[in-house]
Structure formats: structure tokens, C-alpha cells
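Number of protein chains: 2
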Amino acid sequence: MEEKKSETEIEPPAKRFHTDHQASQLASYNGTPLELKCINTIRALAADMVQKANSGHPGAPMGCAPMAHLLWSAASAGGAGRNHSAASPQWWNRDRFVLSNGHACALQYVMLHLSGYEDCSMDQLKAFRQVGSKTPGHPENFLTKGVEVCTGPLGQGISNAVGMAIAAKHLGANFNTPDFPDIISSKTYVICGDGCLQEGISGEACSLAGHLGLGDLIVLYDDNHITIDGSTEISFTEDVNKRYEAYGWQVITVDDVANGLDDLRAAIDAAKTTTDKPTLIKVRTTIGYGSPNKQGKASSHGAPLGAGEVETVKSRLYGMDPTKSFFIDEDVAAYYKQQAVEGEIARAVWEEKFANYKEAHPEKAAELQRRFNHELTEGVFDDLPTFVFGRDKADSTRKFSEMCLNAVAPKMPELMGGSADLTDSNYTAIKGAVSFQKATPEGSIIHFGVREHAMSAICNGMFSYGGMRPFCATFLQFAGYAMGAIRLSALAKHGVIYIMTHDSIGLGEDGPTHQPVEMLESLRAMPNINVVRPADLNEMAAAYQIALNGVQTPTVICCSRAGVSALEHSSRDKAMKGGYIIRPEEGEGAPDLVLLATGSEVGRCVDAAKALSEHSIRTRVVSMPCQEVFLEQSESYRRSVLPGNVPTLSVEAGAEHGWHRWSHAQIGMTRFGMSGPLEQLFVKFGFDAENVASKGKELVEFYKNLGGNVPDLNARPSFDSFKGPVH
Amino acid sequence: MEEKKSETEIEPPAKRFHTDHQASQLASYNGTPLELKCINTIRALAADMVQKANSGHPGAPMGCAPMAHLLWSAASAGGAGRNHSAASPQWWNRDRFVLSNGHACALQYVMLHLSGYEDCSMDQLKAFRQVGSKTPGHPENFLTKGVEVCTGPLGQGISNAVGMAIAAKHLGANFNTPDFPDIISSKTYVICGDGCLQEGISGEACSLAGHLGLGDLIVLYDDNHITIDGSTEISFTEDVNKRYEAYGWQVITVDDVANGLDDLRAAIDAAKTTTDKPTLIKVRTTIGYGSPNKQGKASSHGAPLGAGEVETVKSRLYGMDPTKSFFIDEDVAAYYKQQAVEGEIARAVWEEKFANYKEAHPEKAAELQRRFNHELTEGVFDDLPTFVFGRDKADSTRKFSEMCLNAVAPKMPELMGGSADLTDSNYTAIKGAVSFQKATPEGSIIHFGVREHAMSAICNGMFSYGGMRPFCATFLQFAGYAMGAIRLSALAKHGVIYIMTHDSIGLGEDGPTHQPVEMLESLRAMPNINVVRPADLNEMAAAYQIALNGVQTPTVICCSRAGVSALEHSSRDKAMKGGYIIRPEEGEGAPDLVLLATGSEVGRCVDAAKALSEHSIRTRVVSMPCQEVFLEQSESYRRSVLPGNVPTLSVEAGAEHGWHRWSHAQIGMTRFGMSGPLEQLFVKFGFDAENVASKGKELVEFYKNLGGNVPDLNARPSFDSFKGPVH
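Residue numbers (this note's numbering), protein chains in the order written: chain D, 216 to 942; chain E, 216 to 942.
Since the hints were derived computationally from the structure, they do not count as laboratory data. Just so it is clear, the structure is predicted and the values come from calculations on it, not from any experiment. Treat each hint with caution, since some may be false.
[Stated by the list, open to error] Here are some, though not all, of the chain E residues that point toward chain D, as calculated from beta-carbon distances under 10 Å:
| # | residue |
| --- | --- |
| 1 | Ala-268 |
| 2 | Pro-351 |
| 3 | His-353 |
| 4 | Gln-413 |
| 5 | Asn-621 |
| 6 | Ala-624 |
| 7 | Gly-647 |
| 8 | Ser-650 |
| 9 | Ser-855 |
| 10 | Pro-858 |
| 11 | Asn-860 |
| 12 | Gly-883 |
| 13 | Ser-890 |
| 14 | Pro-892 |
| 15 | Phe-917 |
| 16 | Arg-931 |
[Claimed, not checked] Here chain E is said to cover these stretches of chain D; the calculated rule only asks that three of the stretch's residues, wherever they fall, bring their Cβ under 8 Å from a Cβ of chain E:
| # | stretch |
| --- | --- |
| 17 | 452-465 |
| 18 | 714-727 |
Cβ coordinates follow ideal geometry from the N, Cα and C atoms, glycine included.
Build out the structure end to end from the sequences listed, making use of the hints.
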């Protein structure tokens with residue numbers, strides 16, 4: 216979260232071979248010389264990477280190197296014995312590691328390299344922060360195997376980790392058996408800094424983690440007393456330990472890791488044996504450890520140390536040759552290779568176990584396999600309901616969402632989630648489903664509490680764990696609370712399903728604080744996310760189909776609070792194209808007018824079209840539940856729906872902002888809403904059929920007066936400048 | 216945050232005059248009969264309001280009525296002795312009250328009514344939640360005098376209150392004198408529920424409040440054990456008291472307020488005498504108190520109780536006649552009238568004091584007056600720097616922002632704020648300014664810590680307090696963390712200044728987690744907010760002028776991390792129009808092409824235009840630092856800048872999403888960015904001058920091939936359906 220200031224640094228002259236410092240570091244070190252050399256190697260490599268990139272964060276890796284050493288060391292070597300596998304980075308039962316202070320990622324890449332992960336070759340370490348490398352400036356799960364989630368936006372990683380621990384506990388409860396009690400038994404380890412703990416999202420997530428008693432979650436807090444602005448004394452003087460105890464966590468303090476690992480080792484052991492609550496280990500560290508001019512200072516945080524300083528650092532660290540860069544001595548390489556071997560053995564043991572499990576419990580094994588492959592169950596969409604005009608009663612689209620959720624849930628046990636304390640408003644209850652609680656980890660309904668941001672981040676973590684399709688819910692307006700995490704669903708390709716109800720001024724009396732105006736457009740501006748706003752039950756069924764198919768793309772399903780009109784020509788299949796003609800114009804030839812709408816406004820447009828046809832204005836109504844999916848259709852299909860050169864009026868009870876792409880004129884919100892009964896609001900803001908018809912007529916006349924010269928919205932080239940992959 | 220479910224409720228038969236219950240309520244009540252009758256009147260009125268509106272939240276007002284009674288009672292009556300004035304609701308030194316659980320607003324309106332506030336007449340109580348009333352579904356400061364901020368989105372109000380307490384402490388430190396030690400000496404009282412305390416934003420704000428030792432902040436926590444989804448046992452079992460102690464707060468528990476106020480009274484007294492730390496008073500309450508079928512249940516939270524139940528409630532409460540609605544007995548009315556009189560006396564005393572202060576310290580008094588009037592100082596813009604092409608060196612626009620901030624700050628002492636721990640990246644340091652800390656409350660730089668959401672909410676609170684122009688800063692990407700509060704700046708008309716740096720992929724190596732793509736568009740979709748993205752120093756000066764002039768409109772100033780080109784024809788005056796021709800086309804007549812850009816892309820477009828003129832494509836470049844301000848200009852001015860029927864290519868290193876309004880084709884981001892040196896990224900994503908020129912040429916040829924038929928983007932009617940006030 217910082218940047219280089221190297222241009223302003225004064226580089227001290229390098230003093231080569233500070234044998235005195237080396238000796239004193241070793242003398243005060245309470246451990247083996249090799250261990251110290253290993254840790255120093257991590258420090259030096261991280262400093263080298265940042266120096267070569269001329270950009271990045273050396274301080275945290277140097278301070279956290281002892282933690283990383285233990286986390287990447289086998290139990291037999293006195294390490295954490297974390298199960299992971301360079302040969303099979305996606306091994307289901309690996310113990311997850313999340314670097315929540317993602318700016319320290321040089322540390323993670325170094326450890327992945329030392330452990331033999333292919334994506335972090337020495338060449339990649341040298342290509343740190345360069346275009347096209349697998350070692351970007353913050354960890355990106357979709358680029359680098361061994362990285363679980365995108366971290367760097369502070370507080371996200373630790374909250375993702377809560378989701379991972381939830382997924383592990385839930386899957387273990389459902390798939391472990393008396394004869395195979397540990398098929399899913401992974402732990403989740405986190406390193407985080409004070410920044411992560413200052414962010415509100417981590418407070419939300421960790422309060423829930425304490426409530427749920429997630430004993431397999433172990434957080435190492437890099438307590439270096441330094442923030443970017445200086446000492447933590449200027450802004451962060453709370454008693455963190457006490458706060459985490461208040462959340463119901465076990466809290467352990469380790470006063471020093473620079474001079475020996477015994478205390479941290481004991482703390483991790485205590486954390487591993489505590490099964491009923493998560494553990495926070497507060498580890499006192501020194502940022503930039505080893506840098507004589509910068510250690511313990513903010514200046515070591517976000518800028519290269521400087522070539523001279525890096526050399527000085529190495530000369531002061533036991534076992535480091537200051538003349539060598541990107542150097543790993545044989546004994547160090549051999550040490551980590553051996554640790555990695557133990558990880559591979561653990562995986563092999565597990566795989567044999569799983570083979571036996573497969574024989575003993577073939578259905579469970581196959582189900583796990585399906586779920587980790589993110590395959591949908593056969594016929595999962597078969598029970599999605601159909602709305603038959605004339606037969607069925609119209610309702611709110613949130614009600615339709617509930618019907619669809621309940622139609623797919625029985626066939627999708629991996630669908631796990633819930634609402635941020637609005638279950639009966641979001642209509643996200645699933646019939647017969649059990650609440651996920653300390654005593655009932657098999658349950659699939661999460662009561663997230665009033666914690667929208669953590670809810671979204673937890674869903675990201677659950678998705679990243681594998682075997683899960685998380686969903687979550689709140690009012691659409693409060694997507695604004697969760698935007699930091701929703702964005703990471705999109706970036707990190709987590710197919711989370713967001714059910715966002717009360718999607719416009721149609722929320723009514725709660726008023727403008729709760730009525731979204733800009734939210735639909737805010738979300739549509741984001742890459743790799745489907746924003747679906749269905750107009751009725753058939754379109755809602757399509758929304759669920761789009762959402763569940765979108766394994767690498769999150770979906771936001773926007774639902775009305777109030778009832779919508781019964782639509783004669785709605786279609787699930789057509790809605791799957793993102794946009795379609797829901798009411799054809801009368802007669803032959805191009806229509807006189809196109810009304811383009813989404814969600815609860817579609818029915819009003821159909822009514823308006825009927826009125827307009829009485830004025831001999833042949834009006835087509837297009838329903839566009841999902842712009843993103845519509846854009847994926849062929850140009851000819853898109854033109855067949857939206858001719859472009861026919862006067863087009865878009866109608867959405869949200870900001871007009873992005874609709875100029877699709878329409879010549881807009882009826883939308885140009886201000887905030889107000890408190891009152893929704894029908895009065897719809898009239899007040901012009902979304903009633905009468906106003907739509909009147910404005911439609913006006914639009915047709917506008918162009919008639921211009922001699923029929925309608926600007927062709929389709930006559931515009933697209934210059935997508937970058938033709939590479941979506942990520 | 217909930218809604219009516221009245222249709223599903225079974226209404227029990229009303230039992231009139233439950234004299235036995237009445238008697239027992241009085242018997243167990245440890246206070247005066249009148250006091251109990253007052254509290255019951257509040258309960259009944261709130262229940263009536265929700266019932267009449269057939270929408271709203273009766274439970275919290277009924278549970279919190281005892282707290283409200285004390286907070287609106289004078290010290291002489293054993294109340295909190297809160298200073299406020301119905302006759303002068305904006306009295307500077309009033310003790311602020313924030314109903315953070317805004318859904319309980321019936322309570323606030325009732326209290327304002329009983330205290331004689333004009334905006335909450337009996338007619339307004341009866342118009343609760345109706346279109347055009349001053350009693351909307353959640354409190355709105357711009358509608359109702361006596362309401363300080365918009366609350367309802369949970370966690371915001373309590374965080375606003377932290378800002379109010381900061382403002383009071385800071386103003387007191389700067390304006391009180393030995394002879395007048397309490398000109399600014401207000402306290403800030405909050406009622407909040409568990410929802411507010413679950414939200415991360417409140418954790419951020421309260422941690423900072425503890426750090427800063429805000430002794431004049433007193434929070435009453437309505438601990439009713441109920442959330443919308445049921446008991447707090449399902450999601451919120453942390454030890455709240457311990458958490459607040461960890462933040463450095465004084466914490467007091469009150470076990471009961473239904474049967475007497477002595478404990479709460481003592482707690483408030485203790486809070487008022489504690490000056491070095493804020494106080495949380497956890498008050499055990501019963502939601503829906505008095506409702507035999509719904510008290511203590513989630514069903515009393517967000518739905519009318521039902522007419523029968525309301526009648527039953529009244530019959531069970533001492534002093535209530537169940538046959539009467541909206542009834543205030545004479546003794547009750549007289550009681551609150553008397554309390555209000557004491558408030559007016561307190562104000563009169565203060566006003567006399569202020570008159571004397573004015574004589575003794577005329578400059579200070581005038582300055583306070585100016586600041587509370589939100590008047591700018593004379594000549595505040597005079598020292599804004601000017602960029603002279605050929606003379607001055609180009610730099611990053613964040614550097615230019617620093618220059619402008621430092622140019623206005625000496626003349627604007629009310630400018631108070633800082634960064635979310637990115638001071639040296641956001642360049643928000645003000646020369647010579649002192650940090651606002653416990654020991655230095657006169658300081659104007661706030662070290663917010665890594666707390667973007669609370670930072671924004673605190674700024675809202677500071678603005679609402681009066682006398683302050685708050686600013687705050689982070690990376691533009693992390694506006695996503697703060698969106699819930701930024702939106703309330705816009706809705707509540709708080710002229711907060713957001714300085715958001717690192718505004719595109721130009722951030723470089725930190726990668727896509729830190730590179731905003733959608734953020735500019737997300738913000739532009741929001742009503743009542745200026746999004747300014749200056750291209751150089753002259754435009755930055757305009758940005759500060761727009762921001763400071765926007766007393767009722769927040770402004771987001773978007774700044775580049777990296778250097779921008781020196782621009783020959785940039786102009787502060789022209790930039791004040793939101794958009795202008797920064798490079799005219801050659802020769803006479805309409806140009807062949809318009810390049811439209813913002814910020815760091817403007818210089819690249821100028822370079823592209825020069826290259827195109829060599830191909831005889833007469834190219835105009837338009838810089839549009841602020842769309843919102845441009846839209847306020849006359850149509851003729853807008854057409855003179857953007858003809859509409861000339862091929863127009865927009866270039867912004869952000870989402871293309873909203874640019875279709877302005878341009879025929881776009882160069883923008885259609886995916887997330889990547890980690891790498893910024894110049895390589897600009898080329899990779901097509902923002903280099905060469906690609907801009909090439910695409911510009913292509914666009915001209917595209918329309919040539921269509922026979923010169925360029926769709927006229929200005930030939931579109933505007934249907935702003937609602938012609939009322941902006942709010």
C-alpha cells in the first residue's frame with residue numbers, strides 16, 4: 216500500500232563483511248546457526264527482489280521472515296508442520312496460508328520458491344512487479360499457484376481466512392466419517408499487520424470467527440509498531456489482545472522472534488491444539504530487521520532500501536555474503552527442500568487415505584470431487600420454476616428469488632451462505648436448512664450478523680477454499696459497505712452469488728438512506744461481474760442459471776421489494792441472452808419506438824407500450840436483465856433486439872449514468888429518492904406507465920421534428936484496446 | 216433496516232384498561248409516576264406513528280424511551296441536562312444527539328415534538344414516512360431541524376458522532392480562552408443498537424475515539440439482545456464491554472431501565488465527569504417494551520404492532536388510555552415544555568456569554584461566526600498556484616494537489632483532516648500543521664489510521680458539527696471501502712473534500728488490487744458529488760476552488776501518482792466550467808476529430824492530436840476535469856466545446872462505462888489492470904499517444920465510410936422526470 220521513495224534516499228557506503236555484527240547476531244541467537252541463516256536468506260532475497268524491481272516493500276518480509284520460516288518448516292524440524300504441496304498446489308486438504316498484509320508478498324514468493332513451487336522460479340523472483348510476471352506487486356491467486364486469494368487491500372485476507380476456516384469446518388462436518396475423521400481437516404494460517412487489524416472488515420470477520428469458534432484459524436500478527444505514517448502511537452493505541460479476547464479468541468503474545476523461535480513455536484503448538492476458538496498470536500517484530508539505517512522505521516516499509524543498504528544488511532546478517540544477490544546457499548536450499556518433501560509425504564499419505572475413503576464411501580468421495588471441480592449437479596436447473604401468464608400470481612422479485620434459491624438448493628449442497636441480518640427481508644431462508652453454528656458445523660445457513668463487508672470477504676474465502684458456492688445477501692444499497700470485497704470477487708474470479716434486494720426507490724418508506732440510486736451503475740462499471748435485474752420469475756430463473764454457471768464470475772442478483780407486473784412474454788431462455796424483446800411492436804417493419812427497461816420497470820413499459828399503440832406509435836419493449844451477458848451476444852442478435860436507429864427510451868429506477876450507451880433518452884434517477892409509499896414515489900419520479908408513454912411519444916416527435924434523423928447508436932466502433940485475457 | 220410484515224400478523228383482541236398491569240407497572244417502578252407516564256407516552260406515540268404509517272420500527276423506540284426521557288430532561292429534573300434549543304436548533308454549542316440506530320427515528324421525532332421543535336409538529340408525527348413530510352423513514356438532517364445527520368445505514372451515526380466530538384474538542388482548544396473557557400464545550404450523545412456495533416465502521420471510529428481520548432462522547436448502547444434475524448445469540452456473542460475497554464473507553468453497564476432510571480442517571484453523570492475518555496453505557500433493554508405479544512421479539516423490530524396490539528400496549532402501560540391515539544396528557548406536555556425552557560435558558564446564558572466574548576475577543580468571535588456560516592475567507596484562492604508552460608516543470612497531479620492544499624490551508628484554518636495512513640503517498644501533509652492528538656487538540660491534522668470508512672464518516676460528522684471543512688485522503692481504489700460514508704456526504708450535503716490519489720493503472724507496480732478501474736464511474740453515477748480529475752496544476756487549482764465552493768456538495772479530487780505532461784493551454788478559469796478546449800483544432804470550421812480526456816490522459820491526447828494534424832486530421836482536444844460541473848453549463852457552451860456530430864473519441868484510463876454519453880468511441884479499461892511499470896501499462900492498455908492517434912484516425916475513417924453520417928450525440932432530449940429540489 217506504499218511506494219518507492221528511493222530517489223530521495225541517501226545510500227550509505229557499504230561496509231563489507233561486518234564480521235562483528237555477524238558474530239553478535241549468532242551469539243544472541245537462541246537456535247541453530249542454519250535456522251538463522253535460513254531466516255537471513257529470506258530477508259536478503261526479499262530485499263534483493265524489491266531492490267531489483269526498484270519498487271515494493273522490503274520491511275515487512277524482513278521482519279516476518281522468522282514466522283515464515285516456521286510456517287514453511289516441517290514438524291520434524293520444529294516447524295509448524297503446515298501441510299502443503301508444491302507438486303499439487305491445489306491439494307484439497309492443504310493447510311491454507313494467507314498473507315493478509317499482501318504488500319509483503321516478496322516474502323510469500325520467496326517461500327514458494329524455496330519450497331519448489333513452479334510459479335515462483337528464480338526468474339520469477341527476479342521479475343518481481345514486472346508486466347507479465349507471476350510475481351506481481353500484491354498476491355494474485357489467478358496468476359500464481361500457491362497463492363490462495365488476492366490480498367493487499369488491507370483487512371481482506373484475514374477475512375477471507377475466516378471464510379476458509381468456515382468452509383473447512385463445514386466440509387469436514389459433512390464429509391469426514393468415523394473411519395476417516397480427517398479427510399477435510401485443514402488449518403488456515405494468516406500473517407497480518409496492524410493495517411489489517413485497524414480495518415473494520417477484520418473486526419467484523421473476527422467477531423464472527425470467535426462466535427463460531429473456528430479453532431483451525433491461526434493468525435500471526437506482525438506487531439512492528441510501525442505504520443506508513445510513522446509509529447502506531449499516532450493512531451493505533453488500542454489493546455489488540457484484549458479486543459481479540461473480547462471476540463472469544465485465544466490470544467498469545469510472543470515478545471521476540473528475531474533472536475529465536477522457541478516462543479513462537481510454543482505459541483503455534485498451543486494454537487494447533489486449541490480446537491474451540493481461533494488463535495491470535497501477537498508477535499513483536501522489527502520492520503526492516505537487519506537494515507542499520509532503516510530497521511524499525513517507516514522508511515523501510517514501502518521503498519527499496521537502496522543498493523548500498525542492501526549490501527550492508529547482508530554483511531550484518533549471519534551467513535550472508537554481501538557481494539551476492541539472489542543467493543541461496545546449498546544448506547539453506549537443502550533445508551527447505553527437505554521441508555517440502557515432508558509436505559509431499561503428507562499429501563501422499565492423504566491421497567492414499569482418500570483412495571480408501573473412495574472405496575468405503577464412494578458417493579461422498581464423488582460428491583467431494585464434483586464440488587472441488589465446481590461442477591454443477593445434473594439437472595440442477597430442472598426444478599427452477601416457470602411463470603405462466605394468466606395462471607400465476609405476480610409477486611416481488613425477491614419472492615421469486617427465494618423460490619429459485621429453494622429450487623436449486625436441494626441439488627446444490629455446496630450452496631452455503633445467508634444474509635447480513637436481513638433474512639426475512641432478503642428472502643434467503645432455505646427450507647429445512649440448518650444454521651452453521653459452533654454446535655452444528657454441518658449447517659449451511661450462515662447468520663453473518665450486520666457485517667456486509669466481512670460477509671462478502673468471507674464468501675470470497677469460502678469460494679477460494681473449494682467445494683463451496685457461497686451466496687450472501689443484503690439490501691442493494693448496502694453493497695456500498697461491501698464494495699471492497701465485491702470487487703475482489705470480480706478480480707480474483709470467485710463465483711460468489713450476491714442476492715441484493717430492495718433494489719430501487721421501490722423500497723419505499725425507508726427513504727433515501729436505503730434507496731439505491733447509483734448502485735446498479737456502480738456495479739456495472741466493474742469488470743468481470745454480472746449484474747442481473749430480473750423482471751419476473753422467468754427472468755429470475757435465468758438469473759440463477761447465469762449465477763451458477765458463472766464459476767469464475769460473481770453475480771449480483773438485484774431484486775425488488777414490491778410486487779412486479781405479470782409479464783405475458785417473459786422467457787427464461789431469452790433472458791439468458793441478457794436482453795430480448797419482451798413485447799414486440801405491432802405489424803411489420805422497424806418499430807417507431809423502443810422502450811428499454813429492467814426489473815420492476817419492465818411491466819410499466821409494457822403498459823406504456825399498450826397505451827402508445829393506441830396513439831399508433833408501434834412500440835417495442837426490450838427487457839435487459841443483464842447488460843454484461845447481452846454484450847457477449849453476436850452483433851446481429853444485439854441489433855435484432857436494439858436496432859440503434861429507432862428512437863429508444865431507457866427506463867430504470869436508478870442513475871441514468873451509463874444508459875446513454877443503449878438509449879437516446881433516459882428516464883432515471885438524477886437525484887436521491889425520498890421516504891414514502893412506493894407507488895407515490897414511482898409517480899413522483901416519472902416511472903409510472905403514463906409518464907413513460909408520454910416521454911416515449913415526445914421522443915418520437917423530437918426526431919420527427921429533426922427530419923427523422925435518429926442517431927444510430929450501433930454505428931459506433933469498439934476500441935477495446937487490450938485483446939489479452941480478461942485477467 | 217427492516218420492513219413491515221403486518222399482513223402476516225395475527226392481532227390479538229384488545230383488552231381495554233388492564234388496570235392490573237398498570238398497577239403492577241407502577242408498583243415495580245422505582246421513580247415518579249409522572250416520569251413513568253412520560254416514558255409510556257413516548258412509547259405509545261412511537262407505536263401510533265408506526266401504526267398510522269403502516270410501516271416502520273416500533274420496537275426500538277419503546278425499548279429506548281427511558282434513555283430518551285433522560286436525554287431530553289433537564290439536570291434540575293434529574294435528566295442528562297443536555298443543552299439544546301427548539302427555538303434555535305443550530306445553536307453552535309448545543310449538545311449533539313445522534314440516533315445511530317436511525318430506524319428508531321419515531322423516537323427522535325417524538326422527542327423533538329415534545330420539546331417544541333417546529334419541524335416535528337403533531338401533523339408531522341401523523342405524516343410519518345409519507346412523501347413530503349419532515350418525518351421520513353430514517354432521520355435526514357437536511358429535512359428536519361433537530362436532526363444532525365442522516366442515520367439508518369448502520370454504524371454511520373456513531374462514527375459521525377466521533378467526528379462531532381473531534382470538531383468540538385478542536386474548536387474548543389482554538390476558541391475557548393481563559394476568561395471564556397466554554398464557548399465551545401458541547402457534548403455528543405449517541406443512542407445505538409447492536410447493529411451499529413457489529414458494523415466494522417464503528418469499530419474503526421471508536422478505536423480512534425479511544426486513542427484520541429474524546430471525553431465528551433457518550434454512547435448509550437441499546438442492548439436488547441435482538442437482531443432482525445432473531446436473538447443476538449446466533450451471530451453476536453462477543454464481549455462488547457471488553458472490546459470497548461480495549462479501545463480505551465470507559466464502560467458502564469446498566470442492567471435495567473424499564474423499572475427506574477437511577478442507574479442510567481448515575482452512568483450518564485459518570486460519563487459527563489470523565490473528560491479523558493469516551494464512555495459506552497451498555498443499557499439492557501427490552502425491544503417493544505409493553506407489547507404483550509411482541510416485546511423481546513424480533514417481530515417488534517420492523518413492523519407495525521397491529522392496531523389491536525397497540526391498544527393492548529396502551530392499556531398495560533401506566534397512564535395510557537387505550538382509546539386515544541397520538542395523545543399527550545397535559546402533565547406530560549407540561550413536563551417536557553419545562554425541560555425545553557431550561558434548554559432555552561442555557562442557550563440564553565451562552566448567548567450572553569458569547570456577546571461578552573465578542574467584545575473581549577472580537578477577532579475570534581468573528582472567525583467563529585465566519586466558520587459556522589461556511590463562508591470562505593477573503594482571497595482564499597489568491598495564492599493558488601499557476602502553471603506557466605515553458606517556465607514550470609511538470610509533476611504528478613498529487614504533487615499539484617499538495618501545492619494547492621498548502622496554498623489554501625493558511626487562509627482556511629477550518630480545513631482539518633488527513634489521510635488513512637498514506638500521508639506521504641497522498642501528499643496531504645500541510646506545512647507547519649500540528650497533529651490533532653489527545654495532548655494537542657488544537658492541531659488540524661488527523662492521523663486516521665488505516666480506517667477509510669470511519670475516516671469518511673468522521674469527516675461527515677465534523678462537517679455537520681459546523682465551523683469545519685474536513686478533508687480526507689486515501690488511494691482512489693479504497694474509496695470502495697468508504698462508499699457507504701461517501702454516499703452520505705452526498706445525500707446529507709456535507710461538503711467534505713476527498714483527496715484520492717493513485718487514480719488509475721498509472722499506479723503501476725502495486726497491481727490490480729490497487730489500481731482503480733471502475734471507481735471514477737462508480738462515483739460519477741452518484742448524485743450531488745463532484746468528481747474532479749485535473750490534468751495539471753491549473754486544473755488542480757480549479758479543483759480546489761470547486762471543492763471549497765461546494766459547501767453542500769462533496770468533491771472527490773482524483774490525482775495521479777506519476778508525472779503528467781506540461782500543458783500549453785490549460786486554464787484554471789476554463790477548468791472551472793468542468794470541460795473546455797485545451798487544444799484547438801487547426802484552421803477554420805468544425806474539427807475532423809475531437810479527443811476527450813481527463814487527468815493524466817489529456818497530455819497524451821495533445822501529443823496524439825499533434826501527430827494527427829500531420830495526417831491532416833484537424834483534431835481538437837477537450838479536457839473535462841469535472842462532468843458534473845460541465846453539465847451545469849449552458850447548452851450553447853457545451854455544444855461549443857463538444858459539437859456532438861464530430862467524431863469524438865474519449866480517453867480515460869478507467870472504465871468506458873459512462874463515456875458513451877460524450878463520445879462515439881472510447882479508449883478505456885475493459886478489464887482489471889496489472890502489476891508493472893506504469894509506462895508499459897499505458898502502452899499495453901492503449902493509452903499511449905500513438906494508439907490514441909491511430910484509433911482517432913480509425914474513427915474518422917469509420918464515419919467517412921458511412922458516408923460522413925456521424926450520429927449527433929447532442930441530438931438527444933433530456934427527460935429529467937423530477938423537477939423538484941435536488942433533495
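Evaluated hints:
1. Ala-268: This hint holds: E:Ala-268 lies near chain D, its Cβ roughly 7 Å from the closest one there, short of 10 Å.
2. Pro-351: 3 Å, holds
3. His-353: Nearest chain D Cβ about 5 Å off; hint holds.
4. Gln-413: 4 Å, holds
5. Asn-621: 18 Å, violated
6. Ala-624: 18 Å, violated
7. Gly-647: 17 Å, violated
8. Ser-650: Where the cut-off is 10 Å and the nearest Cβ of chain D is about 7 Å from E:Ser-650, the hint holds.
9. Ser-855: With a minimum Cβ separation of about 20 Å from chain D (threshold 10 Å), the hint on E:Ser-855 is violated.
10. Pro-858: 13 Å, violated
11. Asn-860: 9 Å, holds
12. Gly-883: 8 Å, holds
13. Ser-890: 3 Å, holds
14. Pro-892: Holds: closest Cβ of chain D sits about 7 Å from E:Pro-892, inside 10 Å.
15. Phe-917: It holds, given that the least Cβ distance between E:Phe-917 and chain D is near 5 Å, below 10 Å.
16. Arg-931: Interface hint status for E:Arg-931: holds (5 Å vs cutoff 10 Å).
17. 452-465: holds (count 11)
18. 714-727: Held - the stretch 714-727 of chain D has 5 residues with a Cβ nearer than 8 Å to chain E, which meets the minimum of three.
Comparing the model with each numbered hint stated earlier shows that hints 5, 6, 7, 9, 10 do not hold.
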